[in-house]
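Trainee: Every letter in the sequence shown is one number past the one before it in the working numbering, and letter 14, counting from 1, is 14.
Mixed in with the good hints there might be a few duds.
Straight-line distance between alpha carbons at most 25 Å, and here's what the computed DMTMM-like set of lysine to aspartate or glutamate pairs gives [unchecked claim]:
1) Lys-56 <-> Glu-84
2) Lys-94 <-> Asp-6
3) Lys-94 <-> Glu-84
4) Lys-56 <-> Asp-6
5) Lys-94 <-> Asp-82
6) Lys-26 <-> Asp-82
7) Lys-51 <-> Asp-15
8) Lys-56 <-> Asp-15
9) Lys-87 <-> Asp-15
10) Lys-94 <-> Glu-55
11) Lys-56 <-> Asp-82
12) Lys-26 <-> Asp-15
13) Lys-51 <-> Asp-6
14) Lys-51 <-> Glu-84
15) Lys-51 <-> Glu-22
16) Lys-87 <-> Glu-55
17) Lys-94 <-> Asp-15
18) Lys-51 <-> Asp-82
19) Lys-51 <-> Glu-27
20) Lys-26 <-> Asp-39
Just so you know, the hints here were simulated from the structure itself, not pulled from any lab data.
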Amino acid sequence: MSYAKDALMPAAFLDLILYSREQIAKETAAESNTAVVIDPNAPAWSIIAVKAQNEKYSLPMAPITMLRNTLIEEGGSGVALDREAYKASVAYWKTHAIVMDKESSLE
Numbered sequence: 001m002s003y004a005k006d007a008l009m010p011a012a013f014l015d016l017i018l019y020s021r022e023q024i025a026k027e028t029a030a031e032s033n034t035a036v037v038i039d040p041n042a043p044a045w046s047i048i049a050v051k052a053q054n055e056k057y058s059l060p061m062a063p064i065t066m067l068r069n070t071l072i073e074e075g076g077s078g079v080a081l082d083r084e085a086y087k088a089s090v091a092y093w094k095t096h097a098i099v100m101d102k103e104s105s106l107e
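Generate coordinates for the entire structure from the input sequences, incorporating the hints supplied.
Mentor: See below:
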């Protein structure tokens, strides 16, 4: 075992990222180049990500995720980039890292 792995602790909190059925329909339409169809029988909200963390507050979104979200055709949500939020994200993430051991990998 490596020192780094031995120093890792389980996350204290999980931050759930939810998308509305309307947002999922918009992104599905953009990715498939079809019209937006909102299925009223689809769940009102869906979990699209689970972030493990140790802080009690929502961490800043990663800079690359913020950039990707501006590009709806490429799978983003189509929201405009908030420059101040982006700068805060860069300031936070340049001193933090997401660490995952091989057993926790999604691959």
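Trainee: With reference to the structure, classify each hint as holding or not holding.
Mentor: Going through the hints against the structure:
no., hint, verdict
1, Lys-56 <-> Glu-84, "holds (22 Å)"
2, Lys-94 <-> Asp-6, "holds (23 Å)"
3, Lys-94 <-> Glu-84, "holds (15 Å)"
4, Lys-56 <-> Asp-6, "holds (23 Å)"
5, Lys-94 <-> Asp-82, "holds (18 Å)"
6, Lys-26 <-> Asp-82, "holds (21 Å)"
7, Lys-51 <-> Asp-15, "holds (5 Å)"
8, Lys-56 <-> Asp-15, "holds (9 Å)"
9, Lys-87 <-> Asp-15, "holds (21 Å)"
10, Lys-94 <-> Glu-55, "holds (17 Å)"
11, Lys-56 <-> Asp-82, "holds (23 Å)"
12, Lys-26 <-> Asp-15, "holds (23 Å)"
13, Lys-51 <-> Asp-6, "holds (21 Å)"
14, Lys-51 <-> Glu-84, "holds (22 Å)"
15, Lys-51 <-> Glu-22, "holds (22 Å)"
16, Lys-87 <-> Glu-55, "holds (20 Å)"
17, Lys-94 <-> Asp-15, "holds (20 Å)"
18, Lys-51 <-> Asp-82, "holds (21 Å)"
19, Lys-51 <-> Glu-27, "holds (21 Å)"
20, Lys-26 <-> Asp-39, "holds (11 Å)"
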